[in-house]
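**Student:** For chain C, the structure is supplied; the task is to place chain F on it using the hints.
Number of protein chains: 2
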Amino acid sequence: MDTGSTASGAGGAGVRGGRGVSDASTADTTDYRLDGQAAIESLRGAFSGRLLTEPQDTAPYLLDYRKRWRGAAMAVAMPDSTEDVVGIVRWCRQRQVGVVPQGGNTGLTGGSVPDRSGRSVLLSLARMNRIRSVDPLNNTITVEAGCVLQRVQETAAEAGRLFPLSLAAQGTCTIGGNLSTNAGGVQVIRFGNARELCLGLEVVTATGEIWDGLKGLRKDNTGYDLRDLFIGAEGTLGIITAAVLKLFPLPVAKVAALAGVTSPQAALQLLELAQNRLGSSLTAFELISSDALALVLKHFPGSRLPVETPSTWYVLVELSDLDSDQHANEAMENLLSAALETGLVPDAAVSASIDQFRQFWALRENISEAQSAEGKNIKHDISVPISRIPDFIEQTDAEIQAAHPETRMIVFGHLGDGNLHYNVSPGPGLPPGDDDAFLALEGPINRIAHDAVVRFGGSISAEHGLGILRRDESARYKQPVEVAMMRAIKQALDPQGLMNPGKYLPD
Amino acid sequence: MDTGSTASGAGGAGVRGGRGVSDASTADTTDYRLDGQAAIESLRGAFSGRLLTEPQDTAPYLLDYRKRWRGAAMAVAMPDSTEDVVGIVRWCRQRQVGVVPQGGNTGLTGGSVPDRSGRSVLLSLARMNRIRSVDPLNNTITVEAGCVLQRVQETAAEAGRLFPLSLAAQGTCTIGGNLSTNAGGVQVIRFGNARELCLGLEVVTATGEIWDGLKGLRKDNTGYDLRDLFIGAEGTLGIITAAVLKLFPLPVAKVAALAGVTSPQAALQLLELAQNRLGSSLTAFELISSDALALVLKHFPGSRLPVETPSTWYVLVELSDLDSDQHANEAMENLLSAALETGLVPDAAVSASIDQFRQFWALRENISEAQSAEGKNIKHDISVPISRIPDFIEQTDAEIQAAHPETRMIVFGHLGDGNLHYNVSPGPGLPPGDDDAFLALEGPINRIAHDAVVRFGGSISAEHGLGILRRDESARYKQPVEVAMMRAIKQALDPQGLMNPGKYLPD
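For the protein sequence lines, the chains are C and F, in the order given.
Its first residue numbered 5, the first sequence is counted upward by one per residue in this note's numbering.
Its first residue numbered 5, the second sequence is counted upward by one per residue in this note's numbering.
Calculated from the structure, these hints are not laboratory results.
A few of these clues could be false.
Unchecked claim - No more than 27 Å apart at the CA atoms, straight line, and that leaves these computed lysine-lysine pairs for BS3-like:
1. C:258 x F:258
2. F:494 x F:482
3. F:494 x F:219
4. C:219 x F:482
5. C:71 x C:383
6. F:494 x C:494
Just chain C, with the same shape it has in the complex:
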């Protein structure tokens, strides 16, 4: 494999501006030369796992999940052990070669694919997928970074425990990726983000050393919080190779309700009522606009709306109970009765079986796919203080519709966390199928939405991270003092700038 020619070859193919598979590269001014074949042989000798070099083998690792960024790499290195990761990182370090860590490659911001220079090694943690131990009395599980999330959930359940992190990609995404992006999902209202579910880490640092921080402790105040620095750093400070995760009691019963609400403000009042009555039995509280729901009803033929009275907004409420089905149902019905009485909720349905529970959830979970089936869309993964959600939606909808009346809003998300998937689809004013005309609006609409987010004290990336997609935008919205501290930390822990180069922070 000739690294140089692969890089330029890949760099020239299929790139187009704005959208589609685009170039994730950044300027590379490093002055070095590696003889391709000799370098590969030398890397092969540096660790004992697998090394992929053939284009047909490496291709799946070099294209992101959303097929927006295709990169190139010298090779795909698949370590079997933490010592293997050390071998790879040290090899790269000696040669000034970038290291791009990858888990399940399900990220949505391009953080897990290399740039197009072909001068990085893609380090896939997929083979480091052992469950190292389960300690039910300590309520912890210790797993390697390449463990698929669903396997961690299942292993916990076998031990009579819950690992609550739950998101659409759970059959493919890995714990290392979940932690590196501080993944969110649908249970954050009760259990927090991935960060809150982690007690300790094992990390291979940018200097190629192993930091064994795999402590299963609830309290430890003996130094700077390195754990939380590596979590959410998207591989730019070091490679997470294993983690101690928190477990919880397995709920005995779960029940969901779908309720119509008259407005986002009414949804917020229902949320407050639910929190005060259910406390931490409230394990999800999702907001869905009728337009978002209509797309699911249209594109998923088996689906149906379980309430009779139509509303402009709906919420999906989930309750998890340690007592019994009966107790769970009573608590949910009491909540909804109170809400119906006050007029907050015109109509609501409670799931009467596991099947119905799944059907209700499918109405929420199928929105993304329904949106894709409908055509292109412009996505925002934003958060604002929960109390400001109604004003944010009202004002920002109006701003976008005033500037771009040819579009329509598809809004849904985790109201209990103040996190909206605030998406925009083509409206009747755009010629059907003219994707380019619509996608040309991405930049201007991003700007309106994100300016509003910042005005409302929010975040332009609530749970998807920065990667390439939000790297420059994020830095632009941040205070210079914060960017300076981030750069100082990057410089302190990765002075050669080799960990996931070109991501997260602008050069």
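**Tutor:** Frame of chain C, contents of chain F only:
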């Protein structure tokens, strides 16, 4: 005020080795001179709050809560605003003067008093004590660093919300100190440490800039986790000036039970049962040895044991309920019935009133004072994985008793967090009142206990932090790669080494 002579004057007085008021200074090799009076005048002009320079005014700020460390300072600066803090930090930075931040000065490891050089400014946040805002719908409160914890609790309660951080010093300690030491307390099993209760910070950096990170967001993935880096850093990276804290629904009912258990292993089984049945209604689970309880019964005349059958160990269980007193009592009684049936618990009592609830808690909360009344003691604030607590106690008790049979163990703590206050008192083998003979054992006993902690995968400072007391010990037990990363971060964010000099990390 002549800085130089104050420093040497203070440095020469009342120091004795090992214990008592000792010298917290570290070698100071900085080569600079400040003319005392001119410097004070110049500092007075750098901000608008109060400046204390007279020894009778500054003295209370220069001696720690446990009266173990007395330091000296050029002056005590009491800013009124974040801009004042900027003024003080910049003034110090220009002159290479250290800044020692202090909240309520209730820390237990000497972190909030300066060394004896007299070359630092003590920065008291006491006057920055405003509640900036309460947002019940977002479940957040924004407060300045000098707010006393109890006032935050009370303000939250007035808004119908709970701020759950709860610890013995809550009438005096401040939120800034709680965050800088990542305080724990009795509700960690349900709500986490101070870190988990904070959504955002305002910080004055070591470079004298304001970082406004006061976001009230549940999800924000747009950069390195600076918040959690400043939390628990004990003022060595910058000054926390304000914070956004999480609020929770206010419980409707609380009930406590005191239960005898046959062993720490039985206590652990009861904990598992309680977690699986009560989930997050379980808000405290404390372990108390009969020797610890006996000291309270002896030194607090009004106190009495509410169960008839004596045990060698007891647990205090607290349940918080959002439903009703009746629901809370039933849940607690069901738990204890199940435990009595299995033989885990020979005898138990449930609080039947608020008074009794307080009496039960007093048995736990008065242990420290009872221990002081009994004489000197050697303290350890340690944590190990919860599942290993029984083995830790058995093995470490045996080791200490074998090496020092003239002592006795006073063990209690937060079993639900794996955190023990693992203390040692003089036993019958030591001449009564011979404190020096007993205190000479502190080093050797610390070593036995902490070596055991590390062997069990634990932490030598679970909730009290490092300060001076555990600074060198902690660094000795850490892996070199972790200490190197801590030093790199310190260097990155405080390159001049002026933030709380001499604490946390050995020079």
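**Student:** Taking the hints in turn, state whether each one holds.
**Tutor:** Hints versus structure:
Taken as a hint, the residue 258 (chain C) and residue 258 (chain F) pair is honoured in the structure, with Cα atoms around 25 Å apart against an allowance of 27 Å. Between residue 494 (chain F) and residue 482 (chain F) the alpha-carbon distance is near 16 Å, which keeps this suggested pair within the 27 Å criterion. A distance of roughly 24 Å separates the Cα atoms of residue 494 (chain F) and residue 219 (chain F); the hinted pair therefore holds under the 27 Å criterion. Pair hint residue 219 (chain C) plus residue 482 (chain F) holds up; C-alpha atoms about 12 Å apart against a cutoff of 27 Å.
For the hint linking residue 71 (chain C) to residue 383 (chain C), the alpha-carbon distance of about 15 Å falls within 27 Å, and the restraint holds. For the given pair, residue 494 (chain F) sits about 13 Å from residue 494 (chain C) by alpha-carbon distance, which is consistent with the 27 Å threshold.
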